[in-house]
Amino acid sequence: MTEPETATGPETASEPETQTGTGTRERRIVLVRHGKAVPKDAAPDPERELTERGRRDAAGAGRWLEESGHRVDLAQSSTAVRARRTWQLMIPQLSDPPPAYYAERLYHADGEDLLAVLREEAPDLTGVLLVGHNPAVHELATTLCGSGPKQLRRRLEEAFPTAGVVVLTVACPWHELAPGAAHLTDFWAPGDDG
184 MTEPETATGP
194 ETASEPETQT
204 GTGTRERRIV
214 LVRHGKAVPK
224 DAAPDPEREL
234 TERGRRDAAG
244 AGRWLEESGH
254 RVDLAQSSTA
264 VRARRTWQLM
274 IPQLSDPPPA
284 YYAERLYHAD
294 GEDLLAVLRE
304 EAPDLTGVLL
314 VGHNPAVHEL
324 ATTLCGSGPK
334 QLRRRLEEAF
344 PTAGVVVLTV
354 ACPWHELAPG
364 AAHLTDFWAP
374 GDDG
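Remember, my numbering sits 183 above the position in the sequence shown when you count from 1.
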């Protein structure tokens, strides 16, 4: 991991811990697919920038995340420019942005690799946000999703659009994350606001 990026914002107290019926803390996973990027032939893949639409949608994802109240303790982003820019455009929309790290392993990851990243999180974290790429974020979301509203689950099975945000909750420690362990709590994509 690289050094954390300082995100400015007012300091607030941490959210109270949510307890499940078994006494295990509920944990939140927020998965973000980077915004729409320039075509593959426009630049070397790791250096592809966001398009104007991608920048607008990334800011929209940040606004939605703020309005939805889905808070996290830590953000991790792929080192690819399009993923980094997506997170950087989300930050100004958040009243209390978490510290963020850029990790090259998220750029090269598949769904199983992303699951391994989550399993390594510190036990005291109650929420983690990952900014990554398809098909990896889509694979992870569909693999973890074991319950949730049918309409949301159907949408998720169909696609994970650019700048889309999936929110999952789990009632197990990070190291015990397994396929089907998560509840699909929310799903936003550009255009959902009307």
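It is possible that part of the hints are untrue.
Unchecked claim - Keeping only pairs whose Cα atoms sit at most 20 Å apart, straight-line, the calculated SDA-like set for lysine to any residue is:
#	residue 1	residue 2
1	K333	R302
2	K219	R208
3	K219	E230
4	K223	H253
5	K333	P362
I should point out that these hints are in silico values taken from the structure, not numbers from a laboratory.
Checked hints:
1. K333 / R302: Violated: K333 and R302 sit about 27 Å apart, past 20 Å.
2. K219 / R208: 35 Å, violated
3. K219 / E230: Holds. K219 to E230 sits at ~13 Å (cutoff 20 Å).
4. K223 / H253: Judged against 20 Å, a Cα distance of about 33 Å means the pair is violated.
5. K333 / P362: 18 Å, holds
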